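Engineer: Now that you have both chains on their own, put them together as the hints suggest.
As you go down the protein sequences, you meet chains A and B in turn.
Read left to right, the first sequence gives residues 1 to 356 (the working numbering).
Read left to right, the second sequence gives residues 1001 to 1165 (the working numbering).
FYI, nobody ran anything at the bench for these hints, they're computed from the structure.
Keep in mind that the hints are not guaranteed to be accurate.
Stated by the list, open to error - Facing chain B, a subset of chain A residues (Cβ under 8 Å, in silico): (1) 14; (2) 16; (3) 41; (4) 50; (5) 53; (6) 57; (7) 59; (8) 66.
Keep in mind that this is a model prediction, so the values were computed, not measured.
The beta carbon of each residue, even a glycine, is placed where N, CA and C say it ideally should be.
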Amino acid sequence: MDKTLRELVSRRLDGDLDEAEATRLDERARSDAELAAEIAAGRELRQAVAALADRMEPPETLDRVMDPLRRSAPVPARRVRPVYRWLGAAAVVVLGVTVAVDVARRNPEPTLSRPSPQRESPVREREEIFELAPLPTANPDESRPLGATDRLLEEEPVPPAAPEPAPLEVMGPLPTHESAVVADQAPRSSGDAPAPDGEVVEKTVLPSRPAPVKKTARAHSGALAGTASTAPQEARLLSQADKDREGKSSTPDAGKAYRDKADGGRQVPMAPVVLYVDGLAVWSDSTGACAVGVWPVRIEVRDGEVVSWEPVLGEIGDETGDQGEGCQPETLVGSIVADVGDGVHLAEIVVGDSSP
Amino acid sequence: MVFDEIYERFRRPIWRLARRMTENDEEAFDASQEIFLRVWRGLAGFRGEAKLSTWVFQIAWNYLRGFHRRRGRHLKAVVDTSEEIVARTPDPAPGPERRALSSDLLDRVAAAMDELPEHYRIVVWLRDGEDLNYSEIAEVLDVPIGTVRSRLARARALLKKAVGL
Chain A
1 MDKTLRELVS RRLDGDLDEA EATRLDERAR SDAELAAEIA AGRELRQAVA
51 ALADRMEPPE TLDRVMDPLR RSAPVPARRV RPVYRWLGAA AVVVLGVTVA
101 VDVARRNPEP TLSRPSPQRE SPVREREEIF ELAPLPTANP DESRPLGATD
151 RLLEEEPVPP AAPEPAPLEV MGPLPTHESA VVADQAPRSS GDAPAPDGEV
201 VEKTVLPSRP APVKKTARAH SGALAGTAST APQEARLLSQ ADKDREGKSS
251 TPDAGKAYRD KADGGRQVPM APVVLYVDGL AVWSDSTGAC AVGVWPVRIE
301 VRDGEVVSWE PVLGEIGDET GDQGEGCQPE TLVGSIVADV GDGVHLAEIV
351 VGDSSP
Chain B
1001 MVFDEIYERF RRPIWRLARR MTENDEEAFD ASQEIFLRVW RGLAGFRGEA
1051 KLSTWVFQIA WNYLRGFHRR RGRHLKAVVD TSEEIVARTP DPAPGPERRA
1101 LSSDLLDRVA AAMDELPEHY RIVVWLRDGE DLNYSEIAEV LDVPIGTVRS
1151 RLARARALLK KAVGL
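Only chain B is shown next, with the shape it has when bound in the complex (with noise of 0.2 Å):
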């Protein structure tokens, strides 16, 4: 396979990932040249052990994990609570118009993501922003999936709590 189709394919997943990951556009789009590079010098070596979506994204995590340690910004805590993520997110909505996915919500959910610890955000994007399953979030991040199945439902609880939902 050509970089050319990988970029094709994985550019918006890269992007978003990034995105979500750095919370800004200009730090996203350092990091998506860069991570994109490491995929190009690589590919030569790629020889299909790994899923193609699960190698990318780990080239990926690879790069982004600690991203913030490495700009020397401060890190954010890692909160069990979701206290002090409910108080960085705007309130919600009040009445029934807040069931609807309306942009308000969308943006209450960003907000929250945004505030969640790195290790919670990235298993509820890779699952329900790329749709990738247990096993390959497993496999990007290195970890048990009983680990991955935790931590989910954990971070889902805080976004849940967080958002008002």
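Chain A extracted, bound-state conformation (with noise of 0.2 Å):
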């Protein structure tokens, strides 16, 4: 039988139902035997329980056992006067509150909230690879505290052949804020003087500019905290630089003769190498190709991804003669760049030094 219809018999049987369903379910019953005998059963058994009931008698000895309490008094209840329970509920407030100010200042940090180490792990890694050591130097211009673009614009000339800002009218109009983006860089730019080739590498090594390296670290590192689309990438990189440290590189010996031959010989193991859009680090990476200093490069931002790049004053690694040999950051092309709008940008391509 049906559970609903089931606990319809057993209210009806115990006068449950309101008239109306009552009357319903017996005019089912009438056409229904099953139903009929259902109720009819049910019926019987509620007779036999009770009729059970009936006959269970209680022993004479639990009347004997329970007469000392049948004539004693009750116990009387403690009555609490009102005043005294608000007074007792008082006095709990007044100390809990005492205990949590005790605890609170015998501990005010809260445990919970405090990072692991493991999450701080990542965090510290990244700043050691920015923490760039000094390098040595004999020009005493290159600890002036000036911005890595400024420094370069003042000292180092434009050579007459580069490309200027002619590719990004090549490019069509940019929207407003690219606009003057390029109009920061170029007046500068124009109107300095020509330095002879070479001395660029010379004097931009950025190790001579700690603190403000230091600096657009961190702020690279928030960025990336803030930013959690750009951490697999940046986990990407990172993985992809411990493999170059290891030298199963895919290409070990890229840029090989172009690290014999610049920074007058001095090698770069494996040096960070970082992107800075308006001052800020926006990507970074592990080389074994590029020479120490500071890059001025265009790059394409499209949805948050690099799509394309080239270098402003010629390629880099152009002091040693090997074009197109030696640094060449592939890994650029497909980056996320983080908080870079789209379109055209002038950044700069910061190439650390590693050595000890």
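Structural biologist: As structure tokens, this is what we get:
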């Protein structure tokens, strides 16, 4: 029998159905023999249980055992006056607050919110990458606290043959904010006197200004921490850098010829390379082929991803005569750059020195 | 109300309930004493917020619930099928005489009751043995009234099948 119908029958036997429900069930029982039998059996069972109860008598010994209790007065309940009840509650509250304040004073920093060392480790690793050691240099001008772009544009002239903002015109009109970026860079570079080739690397080495690098590294870490989509890319890049350090890179000898010649014969085993846009580090990698220095480039960003890049003042590693063979950070194309809008941007590739 | 009056009124219901739930006279005797002792102790605090019968049966159920577990006896399995109950219940007498409320039928009902799981047995007994209504049973057992309805229907179905009605 259906569970619902069975419960209706049970309630019908107990008089728990209202009049309409009981009438409907009785009418159905007149045409349903099974239902009628169910109701009759249930009624018989109820009578049997009631009869079973009627024939059960407690033993006389129970009365005798209970006799002392029957003749004694009940234990009076201890009534507590309301005022004392409130005083008790207030005392409990005061005690609780006192304990809470004492605990908070002894333990000012909640331990649960403190980040674990494992969570901090990626940030620390990233900071270590950007903490560049100072390079030995004979030029005191390098210690001047100028921005990388400013120093480059003040001291190093734009080669006459190097492409100026002309490529921007080829690519079509830029949005307003991107034009402002270009305009901010162009006048300063055009008014400077040219300098001989070959001094760019020597005079634009990064470690001479550790403070700004540290600052941008922190900003870079913060930007990465706040951008979930960038983290996998960073992890991939760092993983690739680790492989490179272990000599497992698919192109271990890339730029070897350049390294032999660059920077007066000084090789850069695996140096950090960072892409800066508007002074903010937006991408990083390791390189074994790029010379230490600051290299202005023009990048095109679409949907937060670098789709193309080109050097502004000639190929990176130009001064060594290794155009196109040495420093070619191919992984830059397709990389996700945090907080950089779509369009064409003037940027800097800064290659640090990882030598001790 | 003095304890003597309460005892006179509930000595039979409490004994029957204790006997039904403990399944033997000796344990029912001990259980009845303990229940009445608890009633005596709690009488001074009884303020009439609940019906007296509900209050007394609550005390009884709170003591009898899990009685077998406390005594270290093997718990009855909570079976939803009636086959095991039927197997442990005497065979119903064939013929039309089994329709009558004979002693044989009562024995079979009693045996089937003892085989019911505790939470089914108590609702059948409070309803059909002690004539408590659904609301009172719900209050005694501290369950929703819908639970009382469903358990009662299920318990009666198990009993009917076990007894052979």
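Engineer: Tell me, in ascending order, the numbers of any earlier hints that this structure violates.
Structural biologist: none
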